[in-house]
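Asks: As a plain string of letters, each chain reads:
2 protein chains.
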Amino acid sequence: MSVFCFSLKDIDLAEVGDFGIHVKMLAAPINPSDINMIQGTYPILPDLPAVGGNEGVGQVVKTGRSVTSLKTGDLVIPADAGLGTWRTEAVFAEETLLKMPPDIPLVCAATLSVNPCTAYRMLSDFEILKPGDSVIQNAANSGVGQAVIQIAAAKGIKTINVVRDRPNVLELMHRLKSLGADHVITEDMLRKLETKDLFKKIPKPVLALNGVGGKSATELLRHLQHKGTMVTYGGMSKQPVTVPVSALIFKDVKLCGFWMTQWKRDHSWNKEKVKDMITDLCNLIRMGQLTSPACQEVPLADYQAALEASMKPYVSAKQILLM
Amino acid sequence: MSVFCFSLKDIDLAEVGDFGIHVKMLAAPINPSDINMIQGTYPILPDLPAVGGNEGVGQVVKTGRSVTSLKTGDLVIPADAGLGTWRTEAVFAEETLLKMPPDIPLVCAATLSVNPCTAYRMLSDFEILKPGDSVIQNAANSGVGQAVIQIAAAKGIKTINVVRDRPNVLELMHRLKSLGADHVITEDMLRKLETKDLFKKIPKPVLALNGVGGKSATELLRHLQHKGTMVTYGGMSKQPVTVPVSALIFKDVKLCGFWMTQWKRDHSWNKEKVKDMITDLCNLIRMGQLTSPACQEVPLADYQAALEASMKPYVSAKQILLM
Numbered sequence: 001m002s003v004f005c006f007s008l009k010d011i012d013l014a015e016v017g018d019f020g021i022h023v024k025m026l027a028a029p030i031n032p033s034d035i036n037m038i039q040g041t042y043p044i045l046p047d048l049p050a051v052g053g054n055e056g057v058g059q060v061v062k063t064g065r066s067v068t069s070l071k072t073g074d075l076v077i078p079a080d081a082g083l084g085t086w087r088t089e090a091v092f093a094e095e096t097l098l099k100m101p102p103d104i105p106l107v108c109a110a111t112l113s114v115n116p117c118t119a120y121r122m123l124s125d126f127e128i129l130k131p132g133d134s135v136i137q138n139a140a141n142s143g144v145g146q147a148v149i150q151i152a153a154a155k156g157i158k159t160i161n162v163v164r165d166r167p168n169v170l171e172l173m174h175r176l177k178s179l180g181a182d183h184v185i186t187e188d189m190l191r192k193l194e195t196k197d198l199f200k201k202i203p204k205p206v207l208a209l210n211g212v213g214g215k216s217a218t219e220l221l222r223h224l225q226h227k228g229t230m231v232t233y234g235g236m237s238k239q240p241v242t243v244p245v246s247a248l249i250f251k252d253v254k255l256c257g258f259w260m261t262q263w264k265r266d267h268s269w270n271k272e273k274v275k276d277m278i279t280d281l282c283n284l285i286r287m288g289q290l291t292s293p294a295c296q297e298v299p300l301a302d303y304q305a306a307l308e309a310s311m312k313p314y315v316s317a318k319q320i321l322l323m
Numbered sequence: 001m002s003v004f005c006f007s008l009k010d011i012d013l014a015e016v017g018d019f020g021i022h023v024k025m026l027a028a029p030i031n032p033s034d035i036n037m038i039q040g041t042y043p044i045l046p047d048l049p050a051v052g053g054n055e056g057v058g059q060v061v062k063t064g065r066s067v068t069s070l071k072t073g074d075l076v077i078p079a080d081a082g083l084g085t086w087r088t089e090a091v092f093a094e095e096t097l098l099k100m101p102p103d104i105p106l107v108c109a110a111t112l113s114v115n116p117c118t119a120y121r122m123l124s125d126f127e128i129l130k131p132g133d134s135v136i137q138n139a140a141n142s143g144v145g146q147a148v149i150q151i152a153a154a155k156g157i158k159t160i161n162v163v164r165d166r167p168n169v170l171e172l173m174h175r176l177k178s179l180g181a182d183h184v185i186t187e188d189m190l191r192k193l194e195t196k197d198l199f200k201k202i203p204k205p206v207l208a209l210n211g212v213g214g215k216s217a218t219e220l221l222r223h224l225q226h227k228g229t230m231v232t233y234g235g236m237s238k239q240p241v242t243v244p245v246s247a248l249i250f251k252d253v254k255l256c257g258f259w260m261t262q263w264k265r266d267h268s269w270n271k272e273k274v275k276d277m278i279t280d281l282c283n284l285i286r287m288g289q290l291t292s293p294a295c296q297e298v299p300l301a302d303y304q305a306a307l308e309a310s311m312k313p314y315v316s317a318k319q320i321l322l323m
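Read top to bottom, the protein sequences are chains A and B.
Note that the UniProt record's numbering numbers the first sequence so that position 81 is 81, with each residue one more than the last.
Note that the UniProt record's numbering numbers the second sequence so that position 208 is 208, with each residue one more than the last.
Please note that the accuracy of each hint is not assured.
Identical chains blur together in the list; that is why a pair holds if it fits in one copy or across any two.
Said to hold, decoys possible - DSSO-like mimics (lysine-lysine), calculated; alpha carbons at most 27 Å apart, straight line:
id : residue 1 : residue 2
1  : LYS192    : LYS312
2  : LYS271    : LYS227
3  : LYS192    : LYS254
4  : LYS275    : LYS227
5  : LYS273    : LYS201
Treat the hints as calculated values from the structure; they're not laboratory data.
Since the structure is predicted, the reported quantities are computational estimates derived from the model, not experimental observations.
Bound conformation, chain A alone:
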């Protein structure tokens, strides 16, 4: 049996040398994938002992003499997963960091590199979406889901947002609509007749975004347009995706997956494409069209409580560690 011990420790800081960048971390969220990585159920398994956390924002304290892209005072976010952001300071290699503009709110910067990037890519890379087209998604209240709603709304793309039924569902629906969601429905509502009326108002979705799997994913497929695509980026239900053969053959739907970590690795040679994405997202943030999800800010010392809170079901607030 493996036991994961999690504790706050003082470790030696590496030398900055010629190529290193000394960064003071400012804020870092706790994402579900961070927990999976600690549990050992994520495809990236760092050598132990390891520092947790894959997202966050820091400020450059000092740079090595050969560093050209960053200077003291710059805000930075991780360029890839596995950096270990839950710490007060560290020395990182230049290529592991992306520069953030100074006017982006800290919490937005700390939560930009996974969820909004995932939403941005899924809305860009799988179907050519025109204003007026529609997208259907489950897990609409997740970090990715909220980013999808906002980025789609900014592009004039209609969203049909599926959420699990819960005690405060009307409040949730109201909140997602205030972000720009066109329609918010529960999984039960999606199964019932009312959706027939829905598709009189807006076109059937050409793109479905699946963060849940199981029956929820099958239900998205059922409403997808002929020749549409379903992109799976998560499996919160821990159930596989079940696809009727007729949907593949006669409806000609396509299924694929998206993993931001892989995308970043596949595009590490193409820094312009990465920068363009960050620039676009920062512009949306400045225009008030992309906000961070509801966050609970927690001092690093209280990390145990934050970890526990992040694992509770129906958590609407993301835990953010402040260093």
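Got chain A; can you put chain B on it based on the hints?
Replies: Below, chain B alone, put in the same frame as chain A:
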């Protein structure tokens, strides 16, 4: 309750007029999809009464004055599904027929327009396959499966062929290998250890072809290479395709479907592309690299026995009606 009555009838022949083509049918197979169409479970539902059969070969008896692409004596096959080939003669429109070279054996011509075309397109349109690459397929003994084996072998592409266990399985393995199959294994063998050794000899498949669905499809996915594609063209098990979420996200596999009828409709404007495919397939037939599946030739009058024989499980011989 709907009852399907099937009988042999004399019906009036349409006028040839300026644009019609009077065709004497020579041979037409009974395919599983023909049966599905009669049962009403196929997405094409002709108005009743209707003539069955979607494949076959005929000979032009007479052409209308304005017909330019065909002349008396030409061999023809259907350009699309739904033509109704189980008859002795008919008057068809010019655009519903494709010309066949005169040197192609009748049974090959009669069985060319669905299965070999499906195999050809699935090997061409989804992944760029180089000689030495490998493809995995289930239903390897089906009409499509046998065509996949032969077309792949002609291109130097390795095939891993999965068949259901059955009394004469060794004989079947031998027969498929004689067609050019590199590896023939039962579903049970695929689940067990021996396949680890298999992938020491040949690369993991970049393309999986699924005519079965259910567990068999999930098993194909398990052996697919990173970023590979599974194309579903049939669902003989009547079970949906179940995809682990991790295969989509972390292995980045893609799933799509293929339906020859839809492809032909999507490409009806592109006659050159259709002709190129027929020419390529006819060249393979001439070189002995593509043979028709084992056939049982039956006079049209014995259609009832042929229909019954075609619906028996583990049928290895395709029923061909001779007019």
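Asks: When no copy is named, should LYS273 and LYS201 be tagged within, between, both, or neither for a Cα gap of at most 27 Å?
Replies: neither (36 Å within a copy, 39 Å between copies)
Asks: How would you classify LYS275 and LYS227 at a CA-CA limit of 27 Å: within, between, both, or neither?
Replies: Intra 31 Å, inter 25 Å, cutoff 27 Å: inter-copy only.
Asks: If the cut is 27 Å between Cα atoms, do LYS271 and LYS227 qualify within a copy, between copies, both or neither?
Replies: Between copies, since 23 Å is at most 27 Å while 32 Å is not.
Asks: At 27 Å max between alpha carbons, let me know whether LYS192 reaches LYS254 within a copy, between copies, both or neither.
Replies: within (24 Å within a copy, 30 Å between copies)
Asks: Given identical chains, is LYS192 near LYS312, meaning Cα to Cα at most 27 Å, within a copy, between copies, both, or neither?
Replies: neither (29 Å within a copy, 39 Å between copies)
In terms of the numbered hints stated before, the structure departs from hints 1 and 5, listed from lowest to highest.
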